[in-house]
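There are 2 protein chains.
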Amino acid sequence: MKLYDLELSGNCYKVRLFLNLLQQPFEKVTVNVLKGEHKSPEYLSINPKGQIPTLADGECIISDSQAILVYLAEKFEAESWYPKDAQTRAEIQFWLSTAANEAGRGPADARLVKLFGAGLDYNQARQKTDALLNLLEQHLQGHDWLVGDAITIADIAVFPYVGLAGDAEISLEPYPAVRAWLNRITTQPNFIGMPGLHPAEQTV
Amino acid sequence: MKLYDLELSGNCYKVRLFLNLLQQPFEKVTVNVLKGEHKSPEYLSINPKGQIPTLADGECIISDSQAILVYLAEKFEAESWYPKDAQTRAEIQFWLSTAANEAGRGPADARLVKLFGAGLDYNQARQKTDALLNLLEQHLQGHDWLVGDAITIADIAVFPYVGLAGDAEISLEPYPAVRAWLNRITTQPNFIGMPGLHPAEQTV
Chain C
1 MKLYDLELSG NCYKVRLFLN LLQQPFEKVT VNVLKGEHKS PEYLSINPKG QIPTLADGEC
61 IISDSQAILV YLAEKFEAES WYPKDAQTRA EIQFWLSTAA NEAGRGPADA RLVKLFGAGL
121 DYNQARQKTD ALLNLLEQHL QGHDWLVGDA ITIADIAVFP YVGLAGDAEI SLEPYPAVRA
181 WLNRITTQPN FIGMPGLHPA EQTV
Chain A
1 MKLYDLELSG NCYKVRLFLN LLQQPFEKVT VNVLKGEHKS PEYLSINPKG QIPTLADGEC
61 IISDSQAILV YLAEKFEAES WYPKDAQTRA EIQFWLSTAA NEAGRGPADA RLVKLFGAGL
121 DYNQARQKTD ALLNLLEQHL QGHDWLVGDA ITIADIAVFP YVGLAGDAEI SLEPYPAVRA
181 WLNRITTQPN FIGMPGLHPA EQTV
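Chains C and A are the protein sequences, given in the same order. Heads up, the first sequence is in full-length UniProt numbering, so the first residue is 1 and it goes up one at a time. Heads up, the second sequence is in full-length UniProt numbering, so the first residue is 1 and it goes up one at a time.
There may be inaccurate statements among the hints.
As the list makes no split between identical chains, a pair holds if one copy fits it or if it spans any two.
[Claimed, not checked] Distance condition first, Cα-Cα at most 30 Å in a straight line; then the derived DSSO-like pairs of lysine-lysine:
1. Lys28 x Lys2
2. Lys84 x Lys114
3. Lys49 x Lys114
4. Lys75 x Lys28
5. Lys2 x Lys35
6. Lys75 x Lys35
7. Lys39 x Lys28
8. Lys84 x Lys35
9. Lys75 x Lys114
10. Lys84 x Lys2
To be clear, the hints were calculated from the coordinates, so they are not data collected in a lab. All values derive from a computational prediction rather than experimental measurement.
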């Protein structure tokens with residue numbers, strides 16, 4: 001498997017992390033976003049949105065980081081990460097949608113402004129981040145994990161840009177349940193980090 | 001099954017449409033959004049984002065329209081709508097993410113501005129709509145459906161706000177493959193419409 005990747009992308013990290021948690025080997029191909037390689041005709045032919053990451057598994061090409069998590073969980077029959085019953089699947093989809101929408105337009109956009117000078121509305125991204133963090137805090141006050149009693153791809157999908165909130169100059173101090181959840185993730189066997197990720201009280 | 005619903009919501013329509021296509025009976029409970037009922041403590045207890053729709057199937061409560069599509073496809077073992085192999089699941093997830101992100105921040109937000117006077121950035125929503133329509137047009141020039149050779153929940157997830165583009169004062173004239181796809185959807189057995197939906201050349 002080949003991952004079209006960028007070290008500083010939270011969405012690429014999401015996939016690198018899950019591949020490591022599953023202990024599956026892969027080859028990294030760096031896409032030089034600063035040079036515009038993600039908008040080149042070659043890259044657009046495998047990722048029509050011109051986004052990173054893309055996973056190429058032989059002839060099977062998957063883009064969208066949530067879709068790649070689904071692909072890997074299904075391919076490797078990682079059932080604990082993606083249980084098959086209807087209610088659990090739907091609850092996981094709720095958080096995959098949240099990762100694609102609120103986490104993207106909230107903390108990921110806020111980080112793009114602060115870390116890369118992107119011309120996006122920081123205040124709007126900040127408001128969406130606050131709403132997301134409040135939603136997570138409320139949920140995690142009563143649960144260890146986003147869905148069910150164990151870590152799933154829902155946690156992996158939402159975790160990166162929350163863990164990278166510091167890059168976006170957003171403090172997690174008011175969110176103790178979120179910080180405890182980050183700590184549960186970062187202490188998983190085979191966890192890997194990325195630049196800018198500062199787990200609350202990382203013990204590994 | 002009980003659907004917390006609003007007639008003019010494209011996301012609620014998405015679920016009503018899929019329930020009709022599956023020929024499953026359900027009870028509608030109107031959530032009076034103009035009166036703020038979606039932000040009431042009672043409603044927030046079943047939908048923590050304060051959004052519509054929500055599906056209540058006995059004790060099982062699902063929010064997020066994409067998550068409800070997944071739930072219904074799994075519950076009713078509607079395998080043609082949501083095939084089980086890893087690649088197809090991932091390709092469907094690509095479009096579920098697109099429905100949650102680009103369709104929401106593009107044509108759905110543009111429609112909120114034009115139809116309900118929402119204080120959102122119309123030009124930004126318009127740009128995101130153009131990008132989505134170009135992505136769809138490019139894909140549908142070579143395919144009848146978003147994933148594989150038959151209609152799936154990917155089509156149902158993305159279709160409503162594209163079909164409602166007229167409400168957002170966005171013309172589909174430059175997108176013939178998108179219009180042909182809308183027509184394929186609106187001529188499905190047991191298709192139902194909603195106010196504002198103007199299929200290109202509806203024949204039913």
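Hints, one by one, checked against the model:
no. : hint           : result
1   : Lys28 x Lys2   : within (6 Å within a copy, 47 Å between copies)
2   : Lys84 x Lys114 : neither (39 Å within a copy, 41 Å between copies)
3   : Lys49 x Lys114 : both (23 Å within a copy, 27 Å between copies)
4   : Lys75 x Lys28  : within (19 Å within a copy, 38 Å between copies)
5   : Lys2 x Lys35   : within (21 Å within a copy, 51 Å between copies)
6   : Lys75 x Lys35  : neither (33 Å within a copy, 47 Å between copies)
7   : Lys39 x Lys28  : within (19 Å within a copy, 45 Å between copies)
8   : Lys84 x Lys35  : neither (41 Å within a copy, 38 Å between copies)
9   : Lys75 x Lys114 : neither (37 Å within a copy, 44 Å between copies)
10  : Lys84 x Lys2   : both (27 Å within a copy, 23 Å between copies)
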